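Residue numbers (my numbering), protein chains in the order written: chain A, 1457 to 2180; chain B, 1457 to 2180.
Don't take every hint at face value.
When chains are identical, the list treats them as one kind, so a pair holds in a single copy or across two.
[To be verified] In silico DSS-like cross-links for lysine-lysine, where the CA-CA straight-line distance does not exceed 25 Å:
id, residue 1, residue 2
1, 1724, 2049
2, 1838, 2013
3, 1815, 1744
4, 1833, 2013
5, 1744, 1578
6, 1744, 2052
Just so you know, these hints were derived from the structure itself, not from any lab.
All figures in this text were calculated on a predicted structure; none of them were measured in a lab.
Protein chains: 2
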Amino acid sequence: MRELRITPWRIESLDPDDRSFRESIFSQGNGYMGTRGYRPDQRGAHPAWRSTFLAGFYEYVKPGITDLVNHPDFSGIQFRLNGTDSESHTVSDFLQTLDLRCGLVTWAYNLTDRAGNQTRVKQEKFLSMADRHLAAIRVSLTPVNWSGTLELSGGIDARVENLPVSDDQLTENVEFVKMWSDVRTEPRPAGGQLTAQTRISHRQIAQSYLFSGKGSLKTEAADEWVTTTINARLSQGMTWVGEKRIAVASFRDGDAGEIVKEKSEELKDTTFDELLTESALAWEKIWKQADVQLIGNDEWQGAIRYNIFQLIQAMPYGDTHASIGARGLTHGRYKGCYFWDTEIFMLPFFAYTQPNAAKSLLQYRCHTLPDAVESAKRFSAKGARFSWMASDTGFEQCGTWDTGCCEIHITADIAHAVRQYVELTGDEAFLRDCGTELLLQTARYWVDRFNYVSAEDQYHLLFVKGPDEYCGVTCDDFYTVSMARDHLEQAAAAIKWMEKTYPEDWTVLAEKTGFQPEETEKWMDIAAKVVLRRRGELWKQDATFDLLEPLDIQAHKDDDAPLYHKIGFDRLQRYQVLKQPAVLMYMALCPEKFSKVEVEAAWNYYEPKTLHDSTLSFGIHALVAARLGYEEKAVHYLEKSLFLDLKNVMKNTAGEGIHTASLGATWQAMVLGFGGLSICNGVLNVENRLPPGIEEMRYRVFHKGIPHRITIRKNQKPEIFVEI
Amino acid sequence: MRELRITPWRIESLDPDDRSFRESIFSQGNGYMGTRGYRPDQRGAHPAWRSTFLAGFYEYVKPGITDLVNHPDFSGIQFRLNGTDSESHTVSDFLQTLDLRCGLVTWAYNLTDRAGNQTRVKQEKFLSMADRHLAAIRVSLTPVNWSGTLELSGGIDARVENLPVSDDQLTENVEFVKMWSDVRTEPRPAGGQLTAQTRISHRQIAQSYLFSGKGSLKTEAADEWVTTTINARLSQGMTWVGEKRIAVASFRDGDAGEIVKEKSEELKDTTFDELLTESALAWEKIWKQADVQLIGNDEWQGAIRYNIFQLIQAMPYGDTHASIGARGLTHGRYKGCYFWDTEIFMLPFFAYTQPNAAKSLLQYRCHTLPDAVESAKRFSAKGARFSWMASDTGFEQCGTWDTGCCEIHITADIAHAVRQYVELTGDEAFLRDCGTELLLQTARYWVDRFNYVSAEDQYHLLFVKGPDEYCGVTCDDFYTVSMARDHLEQAAAAIKWMEKTYPEDWTVLAEKTGFQPEETEKWMDIAAKVVLRRRGELWKQDATFDLLEPLDIQAHKDDDAPLYHKIGFDRLQRYQVLKQPAVLMYMALCPEKFSKVEVEAAWNYYEPKTLHDSTLSFGIHALVAARLGYEEKAVHYLEKSLFLDLKNVMKNTAGEGIHTASLGATWQAMVLGFGGLSICNGVLNVENRLPPGIEEMRYRVFHKGIPHRITIRKNQKPEIFVEI
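Chain A extracted, bound-state conformation:
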């Protein structure tokens, strides 16, 4: 595998092989839909590998178990040059480019057939950021040393399948599921339309496409596909250009068939270039808020933009009933589900740069509150309990007991994100309209989850797995207990605030939720009496960490691939090693609560024991190290996170897609770490912590609705411009 070329606004691959890796890296999305970065004309080994996902579009594969649905493939284009299939030609001078500025992916290469006929090929593709229902592909073909026939065809193919990839790290699923039924195809003069329904819930999808290009066009349709074929004559040295413009809609938008029909009409009067220009303008607007400029290291510059770019591609802008999965729309891993990854790792990027997007992500959680209430009931608890793995309605999708039942910090993580969002934006309307209800209901869950031990007058948190998933199932996990305590205090504060500020709304909410005033007293009693352990300045991770067996990490781990491939989870949990930060994780989220000595003690104790077997680990370590002034460590960890997928650090980018939490952690490490940004007591503050080699960093953030432009130059006091 040749390394990618990373320049400030471009990611390039010169390697025509290693397809799966490139398909992940060059994944495209506009938040509404996403496709893996396969070359339009390259067929997949199996219909499940070429995937097209729509945000929030899930379907049941078993009772209670959903999968992110693989949609009919609208990207396919095949062509025969002088009668021979392009896939049988030899590829040379291959260059695949991603333009981060506008999301355009280009494949440029030469094809040579057995007779020595050479053809210069360019394929371009983008999903529109201006109209999320649209996508376009353009094929340019130049016969270098021949003239002859072209037969190019493409359409929509519903013969796709799903391969539900679950949460189990060790079991590989091999059962494919056909999701579509009731497929209807409608051939049209230069294109066609396909509608279909999912098998169980009858969820509708509609897609249409339109071809343009010199030649004679013919459309055929069968039960599960519709295809248009262009026959044309190619002349040596002349470039033939064809376009395929696509429209997509689903039941989530309304009447999908009608929407797509209308869009098809619009597509007639436009071109690839016009659509691209509109999309690029939309990207430009987002980049204006989201960009981080780094002067002094072009590879870092390109990489931080790639991280941000993928976050933007994954964000379902304007859709408050969807969130961002652990692999975005780039892979079916984890069945496309939403984890704490969204609120803790990605949401800060949006909260600082695009507060409306952050709000939308939290509104998704508010919309799934009814399911969280149901979930709490199933766990025989009051209130609401968010699922470790959530899909459309929020119902628990995690099947393993140790995570699904025990990794309960997700509920406090979401509460934390609510607080962070409201503090950053000052959006009290959100807190009034749904935030307080969420905090109230979820706070109730902890009352049943903590165990009061009267002999000690303390509340223990039993049988819990913290963020360090190698901790076993333990008690009084520092991260979970701290987060739950903050959650309880925050919920009590929100109720007090609402009672005072919006007494009428509060009366309605109190009635709706059956709130009793003594509830907050109980919450504060728990918050005051949780069990957190320390030895001197060192906060202990949990009740069992001291009992674990030391492991010589160097002797066992020789690269960044997760050690659980070599040593079973069951054994790893009894070694004194961390999969990812736990105590340091909490310190990363709430730095104001700890003295420097405490953070240093935690770093010195836990960092050498951390395996970074989760992609959630590097960025957080970079952030904490940058804040501590541990420059070398900070750079080391930042580079792991910055290039996590670009350099295939975990060796699973090909097989699992883009790690969206790491994207967010990278942004946090860059901006909150090296970029020195913090909010303390409601005041925005910036420190100069630029790492070596970086001359200047620029970024924009919102605070309380006001845009701030920050410039940090080497050895200078940071500049904060308030842009009003």
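Given chain A, work out where chain B should sit, using these hints.
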């Protein structure tokens, strides 16, 4: 539901409804095969409900996941009386009888059709205990007030399916799996033969049947079934009798088709009555050793015999590659798998009354040792680790983390059974030939499983679930730690013994296993430094029990149905309640290690907190209570265990089949509890602990190969006759 009538040698039902319950209760088996107790002419709601199992015959339903295979149905018989289907007639005067002495089940009833024609029907069925491949059914029909035609048909039907019912207590599977392919049918003059192979592993089954009865016979065959039809004339007041004699063999016996063909020839020259007589003789021999006679309470007498009877039916005599599943051959629950239920609950019955059967059960474990070694490797441990749920090869079939990974006492339980068997029988050849290897390999597992904490110079057992499955996942579980300690000591002792007694065999074994002398030192070091907690005379269950929340049991549990149907497992584990005994369980197994004060302290503390949500609970409580002289409690718990299925105590006998562990626990409570039997320092001892209402108890046991006949009469010194 009308209660069953229980007399000393018979179980009777007068209730023609409540089919599923009767199908469980009247399940028939001969250790080789088992069928649920459905009436031959009554069709099931679904092909998976009418089940026919062969011991040790499993097949894959998914990679790595097996199910006990539902075999082609050989029991079916349909008849039309004067042209109308018997299933459309009204049933009256129904009596179903199980003769415990010989395993014969009889259904006797009247049928009345719409025209008022009455027919007296008797159906009889047994599986032969003399030749395990044979079964027979007899139908007797007497027209009371009519004469006319009979059309009776029956054969073998391979249109059966499996419904793999897993270990998850809360999820119901609804996915049926067809297991059979390559079905071949061969019609013969008065019967037919069917062979088939399982779909994945091509495991062969062959069945044949032969009809006899007055009338004209005709056999038809189709792809998946073969059926013989008898047309006869019935005359008022005259009884028509027909017989169906069946032979079954599988790949596990050799060439199944050939075996069955030979058996078919034999079946020609015999009759139902002759086969029954032979089978009854075989039963008589077993009863001679296994019977427990109780004078003074006929219902108890019938019930204890029913418990013993079902144990015998489930025992795969002579088959060292099969064991007894948690529901025997009476239901597909737990995919027919083997648990600690066999070694800890059932094996004592066999070890005392039929030592060869006990040996066979242990040999099954020896045969699966290679898989246990593989399993340990998958858990990154040395040695051998037995699976919580095992099927044919021993591979782990339990899919839940908290049980499959954490309920590790099974390995020590099997070691305990080896010791008990050898102590009881003096069978040193077993210890030499395979027992020591088993002990050695499994002892090694504990070395990796315990965590040495150097600061304490102690070994902790982390992240473990004890027998009380409501304990969460905890540390230093008293039962598991004690059993593992005993296991380590026992393994060291076995090696010492073998080295001294069979030095040549030992040299071979030491070489084969790569044994190093320092290994036993390590074992003894662990055994000496495990962590067991106590407060005064009270042994503590585990590290977290004291932190659990008290529960008002009376307020939540109003019958014997498990509370986990009302309160989720996740919540239950944080209440200070036990599902089943844990500290008391160990005390039940090793009474000699505790003072009476200690047992009383454990009883007084744990018994009121125990929910008995496992059928493994009642019998053990009865045993401990009997030993403590808590007569009322002992009787209370014995009756729960004794009538567990007969009175549907847990309300799941219909849906799950016969609870085999409870059968064994009942025997232990009766013989080791009320029957006062113990072996102490190699000496057999009997105390008189007869409960009120029992005038006399008689049973036979083997000790060191010598049969002992014990008689205990009220207020008299027990009599022990050595029968040489």
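(request) Since the copies are identical, ignore which copy is meant and state whether residue 1833 and residue 2013 lie within 25 Å (CA to CA) inside a copy, between copies, both or neither. (result) The answer is between: 18 Å across copies meets 25 Å, while 42 Å in one copy does not.
(request) Give the relationship of residue 1744 and residue 2052 under a CA distance limit of 25 Å: within one copy only, between copies only, both, or neither. (result) neither (35 Å within a copy, 80 Å between copies)
(request) Measure nothing new, just compare the shortest in-copy and cross-copy C-alpha distances for residue 1744 and residue 1578 to 25 Å and report within, between, both or neither. (result) neither (30 Å within a copy, 88 Å between copies)
(request) Indicate which option fits the pair residue 1815, residue 1744 if close means a Cα-Cα distance not exceeding 25 Å: within, between, both or neither. (result) Within one copy, since 19 Å is at most 25 Å while 78 Å is not.
(request) Up to 25 Å between alpha-carbons, please classify residue 1724 paired with residue 2049: within, between, both or neither. (result) For residue 1724 and residue 2049, the Cα distance exceeds 25 Å both inside one copy (59 Å) and across copies (88 Å).
(message) At most 25 Å between alpha carbons: which applies to residue 1838 and residue 2013, within, between, both or neither?
(response) Answer is between: at 20 Å across copies they meet the 25 Å cutoff, but 44 Å inside does not.
When each numbered hint is compared with the structure, violations occur for hints 1, 5, 6.
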